[in-house]
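Number of protein chains: 2
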Amino acid sequence: MSDIKIKTDNTLECSVAIINNANFSLESGEKIKNLKIAFKTFGKLNSKKTNAILVCHALTGDQYVTGHNPITGKDGWWSRMVGPNKPIDTNKFFVICSNVIGGCAGSTGPKEINEENKSIYGGDFPSVTIKDMVKAQSILIDGLNITKLFSVVGGSMGAMQALQWSIDFPEKISNIIHIAGALKHSAQNIAFHEVGRQAIMSDPVWKKGRYFNYNERPERGLSVARMIAHITYLSEDAMHRKFGRKLQSRDIISFGFDADFQVESYLRYQGKSFVDRFDANSYLYLTRAMDYFDYDEKFKRKIEFSQNPNNHIKYLIVSFSSDWLFPTQESKIIVNDLNNLSRKVSFLEIETDKGHDSFLLDEPQLDNLINGFLLSNFEEINE
Amino acid sequence: MSDIKIKTDNTLECSVAIINNANFSLESGEKIKNLKIAFKTFGKLNSKKTNAILVCHALTGDQYVTGHNPITGKDGWWSRMVGPNKPIDTNKFFVICSNVIGGCAGSTGPKEINEENKSIYGGDFPSVTIKDMVKAQSILIDGLNITKLFSVVGGSMGAMQALQWSIDFPEKISNIIHIAGALKHSAQNIAFHEVGRQAIMSDPVWKKGRYFNYNERPERGLSVARMIAHITYLSEDAMHRKFGRKLQSRDIISFGFDADFQVESYLRYQGKSFVDRFDANSYLYLTRAMDYFDYDEKFKRKIEFSQNPNNHIKYLIVSFSSDWLFPTQESKIIVNDLNNLSRKVSFLEIETDKGHDSFLLDEPQLDNLINGFLLSNFEEINE
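As you go down the protein sequences, you meet chains F and S in turn.
Each residue of the first sequence is one higher than the last, beginning at 0 in numbering that gives the first Met the number 0.
Each residue of the second sequence is one higher than the last, beginning at 0 in numbering that gives the first Met the number 0.
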């Protein structure tokens, strides 16, 4: 177990775990000195320490899964799902959510100080992977003296982390809830990420990631990257329903390049508001981590050899019918692999037109599913 | 009929029609003095002038439909389709292809001189629409002393022009071949275009479209715009088949931001090579023209009132099963409207995994379809 010191950060309104005793080794072979992991907890750990749930955030998420987010001034990104009497009920469960390594909400990432040379990492931050994120979370969980998590829950990049937990630390978890994920990032997904990265890196303000030295931020590039990504998070149907070809604040087209259509002003707003809360370099590193994720050929073998067959993890795999970024087919491949290994797996494709972002939106079926899965399994282990 | 003068441009290896006598009025109400339309012809007009086919190019196309393109130094964009003994056989047909108004291959567009004040238009170029493009083509056809075109053929933005011909000049055409198009640009399509435009307009070199004055070009923004668009032209399956997660020139991931995956270097190449042949302002204006295209509610009514019911245009409507930019469903709406009006319409969805770009690629079924449609209809009118 690593020597870990936990502090309170009053500005960030969260805790920060600092791993003191050694350099944290990354999958790339690089090392990070005094790794910081910013995290928040909600609810109370029970005396047997059997009610801990780790929620893993997606690409642009953070530790503020519920309650107040001091960076945005708004509610946490999954306030709908997590809280007292919510589907993930903090009256019953102890919920932990940490900012991933490479992130920009207090964990060690490109906008933090490199403890080796006391300068901001920027573009010199080492490459991180989903495996690295999970390794850091595992050290945090150890530091909280929790031997076994009841559940690891996540959507999108969070689902990748949940899956990685089941591969790397099967003895430390009882179940995972894997939402809108896949065994790999597809060529099309890599392509969309790559265009977003090119938008950032071709912004002259980016300066090979050293913009902090010039007190600037590549806001234009990051905004374009966010706009691209945002299109992929919605379905064509949701976009049509939401915007269609409706005009923005006018009755007739302007014959110009102002935002004529509502979908245009919506995207511009998404881009602009994103740059206030997210670091461009973190966006580069975390999209890269997702691109590198690949258990397409290896998953079945990894699970077969990593898990004690007498002590199965339970899997809940959820997909959304209109998600074209992580289509249902990708979830079915996971379900199929698990079934072939006779693992305990539940699977549901939720019918919705809201696209990939469905897991963050009002989807009562998802709420009920997660709540039911957690409660029934919790009763079972506490019988 | 307008007074039109035709010159040869030796550098551009094409003809240029100059409309002299009046200002050309645009749909926006703006006017263009001495409108230039760059065009090429292939094959010979027969004595009865019944064998003329107008090919309309897509967003980034030009008049070099076949043969040598002096701008790229390569073959024309549809050399596969148009030429002697090709599906659109120039031994039999007289093929005309003109650069659209707003384009950048010799027709009046943002990179040309405004004859009113002798300075480059740049961002002061007026907004153009598909209707304006077709109006200019119609004047060109008049200038070539052709009363009636045998066919108007186009894919994507070219299909929009073909449809516009059938609405605005039904008496001047015998049939249209409408490939991978729609009655309107969808919210998602507008969204992708808007992100491309934002990438260009947020490039500091763009300077509100006045970059020519500074002898610069917003290459980074245009390159990102092209990369975004390119993803939408391919299908997920085609991308997977072509690239999957194959690495570029290495065996293992680099843990960095070089092009690790083949799909990344492919996109970077697409972006970089595009800026050598296309003007960023033209890209803004032409994507806008596509966004503005909208006959969703109006098409049936327009066709009903514009066409003499005794003199039907024949329609060939073609879609591709994997085209997610202009999905088959959009073509079916057109076919349905035409059927409801008892018009002569043939429709085929071609099964292919090549996506929207299929019409530019090797699709023997498309070749046979176009060839057969043209020949059988040509025999009919010449009986």
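Each hint should be verified, as a subset may be incorrect.
Remember, identical chains collapse to one label, so a pair may be satisfied in a single copy or spanning two.
Claimed, not checked - Okay, derived cross-link-like pairs now, DSS-like style, lysine-lysine, Cα gap no bigger than 30 Å in a straight line:
hint, residue 1, residue 2
1, 313, 207
2, 343, 73
3, 130, 43
4, 241, 299
5, 48, 271
6, 117, 331
7, 117, 313
8, 331, 245
9, 299, 245
10, 47, 117
11, 6, 171
Keep in mind the hints are simulated off the structure, nothing from the lab.
Against the structure, the hints come out as follows:
1. Within a single copy, residue 313 and residue 207 get their C-alpha atoms no closer than 44 Å, and across copies no closer than 57 Å, so neither meets the 30 Å cut-off.
2. Taking the shortest Cα distances, residue 343 and residue 73 never come within 30 Å of each other, neither inside one copy (38 Å) nor across copies (58 Å).
3. Proximity of residue 130 and residue 43 under a CA criterion of 30 Å is satisfied intra-copy only: 28 Å inside one chain copy versus 66 Å between copies.
4. Taking the shortest Cα distances, residue 241 and residue 299 sit within 30 Å of each other only across copies (25 Å), while inside one copy they are farther apart (40 Å).
5. In the homo-oligomer, the alpha carbons of residue 48 and residue 271 never lie at most 30 Å apart, since the shortest distance is 43 Å inside one protomer and 56 Å across protomers.
6. For a Cα distance limit of 30 Å, the shortest separation of residue 117 from residue 331 qualifies neither inside one copy, at 47 Å, nor across copies, at 63 Å.
7. Taking the shortest alpha-carbon separations for residue 117 and residue 313, neither the intra-copy value of 44 Å nor the inter-copy value of 73 Å comes in at or below 30 Å.
8. Taking the closest pair of Cα atoms, residue 331 and residue 245 come within 30 Å of each other only across two copies (23 Å); inside a single copy the shortest separation is 37 Å, beyond that limit.
9. For a Cα distance limit of 30 Å, the shortest separation of residue 299 from residue 245 across copies, 21 Å, qualifies, whereas the shortest one inside one copy, 47 Å, does not.
10. Taking CA atoms no more than 30 Å apart as the test, residue 47 paired with residue 117 passes in neither setting, with 41 Å inside one copy and 83 Å between copies.
11. With identical chains, the CA atoms of residue 6 and residue 171 are at most 30 Å apart within one copy only, with a shortest distance of 24 Å there and 79 Å across copies.
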